[in-house]
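The listed protein sequences derive, respectively, from chains A and B. FYI, the numbering used here numbers position 24 of the first sequence as 92, with every residue one higher than the one before it. FYI, the numbering used here numbers position 84 of the second sequence as 83, with every residue one higher than the one before it.
Treat the hints as calculated values from the structure; they're not laboratory data. Some clues are possibly wrong.
What the hints assert, rightly or not - With a cut-off of at most 30 angstroms between alpha-carbon atoms, the simulated DSS-like pairs for lysine-lysine come out as follows:
{"#": "1", "chain 1": "B", "residue 1": "Lys53", "chain 2": "B", "residue 2": "Lys192"}
{"#": "2", "chain 1": "B", "residue 1": "Lys75", "chain 2": "B", "residue 2": "Lys129"}
{"#": "3", "chain 1": "A", "residue 1": "Lys199", "chain 2": "B", "residue 2": "Lys192"}
{"#": "4", "chain 1": "B", "residue 1": "Lys53", "chain 2": "A", "residue 2": "Lys136"}
{"#": "5", "chain 1": "A", "residue 1": "Lys136", "chain 2": "B", "residue 2": "Lys192"}
{"#": "6", "chain 1": "A", "residue 1": "Lys199", "chain 2": "B", "residue 2": "Lys53"}
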Amino acid sequence: MEPDGVGFAAERPVTALLETVGLTRFFGSVRAAEDLNMRVEPGEVVGIIGSNGSGKTTFLNLATGYLKPERGRILLEGRDTTALLPRDITRLGVARSFQIPQLYLGMTVLETMLLSVAARAGHVGVWGPLKRPGWADEGLQVLAQFGLDPHAGRAVRELPEGSRKLLDIALAVALRPRLLLMDEPTAGVSTEDKFEVMDTLLGVISGSGITTIFVEHDMDVVQRYSQRVMVFDQGLVIAEGEPAAVLADPEVRRAVLGHV
Amino acid sequence: MSARARTTFLILLGALALLLGVPLLLSGWILFLLTVAAAKALAVLGIVLLLRGKLLTFGHALYYAVGAYAAGMTVKYLGVHEVLVLLALALAAGVATSAVLGLLVARYRAVYFALLNLAFSMVLYGILLKFYSVTGGTDGLGIAEPTLGGFRLGGSSLRLAMYELTVVLTTLLVYATYRFFMSPTGYTLRAIKDNEVRVEYMGVSVWRAVYVSYIIAGGLAAVAGGLIAISVGHITPDLAFWSQSGEFVFVAILGGTGSVLAPIVGSILFEFVRNYAFELSPYTWQMTLGIILLLIIFFLPGGVWSLTALASRRSAR
Numbered sequence: 069m070e071p072d073g074v075g076f077a078a079e080r081p082v083t084a085l086l087e088t089v090g091l092t093r094f095f096g097s098v099r100a101a102e103d104l105n106m107r108v109e110p111g112e113v114v115g116i117i118g119s120n121g122s123g124k125t126t127f128l129n130l131a132t133g134y135l136k137p138e139r140g141r142i143l144l145e146g147r148d149t150t151a152l153l154p155r156d157i158t159r160l161g162v163a164r165s166f167q168i169p170q171l172y173l174g175m176t177v178l179e180t181m182l183l184s185v186a187a188r189a190g191h192v193g194v195w196g197p198l199k200r201p202g203w204a205d206e207g208l209q210v211l212a213q214f215g216l217d218p219h220a221g222r223a224v225r226e227l228p229e230g231s232r233k234l235l236d237i238a239l240a241v242a243l244r245p246r247l248l249l250m251d252e253p254t255a256g257v258s259t260e261d262k263f264e265v266m267d268t269l270l271g272v273i274s275g276s277g278i279t280t281i282f283v284e285h286d287m288d289v290v291q292r293y294s295q296r297v298m299v300f301d302q303g304l305v306i307a308e309g310e311p312a313a314v315l316a317d318p319e320v321r322r323a324v325l326g327h328v
Numbered sequence: 000m001s002a003r004a005r006t007t008f009l010i011l012l013g014a015l016a017l018l019l020g021v022p023l024l025l026s027g028w029i030l031f032l033l034t035v036a037a038a039k040a041l042a043v044l045g046i047v048l049l050l051r052g053k054l055l056t057f058g059h060a061l062y063y064a065v066g067a068y069a070a071g072m073t074v075k076y077l078g079v080h081e082v083l084v085l086l087a088l089a090l091a092a093g094v095a096t097s098a099v100l101g102l103l104v105a106r107y108r109a110v111y112f113a114l115l116n117l118a119f120s121m122v123l124y125g126i127l128l129k130f131y132s133v134t135g136g137t138d139g140l141g142i143a144e145p146t147l148g149g150f151r152l153g154g155s156s157l158r159l160a161m162y163e164l165t166v167v168l169t170t171l172l173v174y175a176t177y178r179f180f181m182s183p184t185g186y187t188l189r190a191i192k193d194n195e196v197r198v199e200y201m202g203v204s205v206w207r208a209v210y211v212s213y214i215i216a217g218g219l220a221a222v223a224g225g226l227i228a229i230s231v232g233h234i235t236p237d238l239a240f241w242s243q244s245g246e247f248v249f250v251a252i253l254g255g256t257g258s259v260l261a262p263i264v265g266s267i268l269f270e271f272v273r274n275y276a277f278e279l280s281p282y283t284w285q286m287t288l289g290i291i292l293l294l295i296i297f298f299l300p301g302g303v304w305s306l307t308a309l310a311s312r313r314s315a316r
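Okay, chain B solo, but in the shape it has when bound (with noise of 0.2 angstroms):
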């Protein structure tokens, strides 16, 4: 390992060790903030992925409340309420439903590719809103009494249990994310955003990878979702709603698009920036935030992540 591979390992272990030991500082409030920031982080990854092959979605958020209804359909219907089981079956709608759809999405490019990832999102949305004795309609769904390993969840018990687990899993999805990217299919996806002709010219099926790509960006947001779910312990249909696909679009572009860092970064920036600009002024906070947008595309285009590339050059020279 080189010196500076030494270092910045050793940076993320202390940051990852600064997380898991947070909640004896924090208050559960923050915690709970957390929890949904590193959470969502994984479905911002996902944007992050598609990216990385010029592929913009502004409906990813089908995904993410297709984990989250797996979990909590699964708790309602099924009675099954371990945690572990419950994020297992997220992640397997997810990669499922991506499966299917990915077989037709990854035929389309740039805003084909967008807007029908936007309409199967809002078909999702519609079919939660009106099948309201399945799926509660606008109510929802409660998720009640998780468990895990057998204990029963509730109250600050759940919000440490989901906080430490939620901070183990996404990072554990981060440094599978990051391995896909070092690995030849996620290089092609780079090489795809350039030249899709000479990666088919190189054998190399570019369909594919999409198809992969798109699966796996499928996956991580579902398991989002499946957190949410059980953290919050109540699922709507907006979690599918074509604003919760623009608000991941808009954390990656915030974060940025050059680690798979910058999605952690990026969330827990912006459910802090939400959160006390909605206390500060309750009516204009979307405001609030369509301004730090504006700055950041003008100032900070490769996100609040490429602050961390200037400070690092800074201290080579």
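The shape of chain A in the complex, shown without the other chains (with noise of 0.2 angstroms):
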């Protein structure tokens, strides 16, 4: 890549982290994405804020490979990820967690973490044991992190939802990725919980220096925690700069809460 002036350069890194080029995806005649442009740099902590079916899903979708764009494409670092699957993107680096926790409910809280260490060491081995001493500090460590170290002997069946969460979150973390990407992660917290669950996340994040992006639909969510937003609207950016300017905008708030 060409360098910009020195200046520039500093203030923006000529490679983004995550950077997406005219993505574009309709399902049917609604339209999810349309020539959607965004820049991630290392070490931000990035909201997208949108009401329902405004896309945002549907961009960490794409960005993870699990959907395919109809156009553009989408860069990690400068390398074109476009066409691969979410598993080599997460191999690549870019964890995601999910609106809905994606655990396996037949496991153990702590076999489920192990499965992620084990998966971080790049070890699929057939004889070895997931339970082997190293594993298990570290996945310990990490659910200690998210304050769920008492849980580790419990079934995931029977975890609360709140910890499921947290839970969902962690198993990406546990991968060490440079980009995470979170969906909604305070859905399904109760309001009184909400800002404790993201003091927890956010904690965990900046000390570890991830990149992150995440979607919510929560405004006092996005205003407190992000450190820049992106407002989707029926798949296009409408918005985008320090969250209590934009978040302050009428039009914004219209397209976030408006068709809720």
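Dock the two chains into a complex; use the hints.
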């Protein structure tokens, strides 16, 4: 890549961690993304806000290879990942959590976590045990970061919804990603608990320096926890910038709250 | 080792010593039944392994027959009689076949997985039936005068040697399968049962885990086939028939899927029930088996093996 001017480059590196170019995807006549161009720089915490059906989750599905765009490209540190599968993109350092926790209900919390740790270690053996001391320590450490260590021996099936949500995110963090994508981290979490959950999450994230994009429909959460916000409306980015300013815009408020 | 693990280990060691020592006490016929049961338990173990990933096959007899015919045809056409060589070839044939078919089969799930396996097994059945000049058709092939370490086996020496060999091999393979269950790929298979999408989002290939599991299951069934071929001394295309696959599934449910040991218990129980049900009532023995299956499904959905969990819970109380 051609370096730009020095002053500009210092503020905005030539190669973004994640960049999308003209990303477009329709579902029939429904526009989920059209000509979506975004850059996320290393270390940023970006919030994406929008009403239901504005294309937030579709964006995560496109960025992780679960859905393929009709047009456009996705670049991870300049490398085109548009054609890759979710597991390949995950291996390149992009981890993702889900709006509805995607867990293994038949296992214990620790077993689930150990699968993530084994995946982080790139280990898919058929002989050595999953439950080995080194991995168990690592797994318990991640669980402890999320306050889940007391539940380590419990069946995932028995966990309350809030803990499942945290475990879902902990599994992604255990992969030690460079980029973490979170889909509605406070969805399903009670209003009283949502700030506590976000404090926990952001504590872990800022502690480990993971670049983060999270999708939310809650204005308070986005305003408080993101450094930069992007507003989605019917597949388009209608506003972008510093949270307080963007979210004060009546047009944005109408788009986010309007057609819920 | 925890006290509980040590107790379990000692119980298992005792059971193995008992099984190895059984020939001192029991008649030849029962010894033969136990050999058949222990060998077939390996094929059932393959079913149980796949069921951990919610993969049900109605064609596993395919690999059972591949193992049996690999052994039988090696004796007939290559003149090799050494039991351990025959078993190694059975295993190799099973692994090679499942590695090829698995490339396709591992992409399918649920009823498609079950029926695709069934279809392949019936194709093999047809081949074994029609290529009379090579396979002997419905007459099958006889396996003459196997040797073990150069010693020719026959009659009671064959029975005894195959019994001990089967017990040892089954023990080793059951242990290996246990290791697999506890390994990252073994756990991944369980994870696949619950949520394939999440597995992929951990950066782990679902396809690979299913493929590897399928090959292991195929290899287990092929060793079972090799052991049966040598022990019985005669093989026919029926080894690949769908009802044989159904029997493996039946025994898997009968024994339960909660432990690598369950197939052994289920298999021994099945062989004895079938044998005695047939003796008591030659025309309704299948009904007897059907009723037993119904009772298991309604009252012991975890299979006979779940009784041990009940027992250990009671003793812990």
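Hint by hint, where does the structure go against what was stated? Just the numbers, ascending. none
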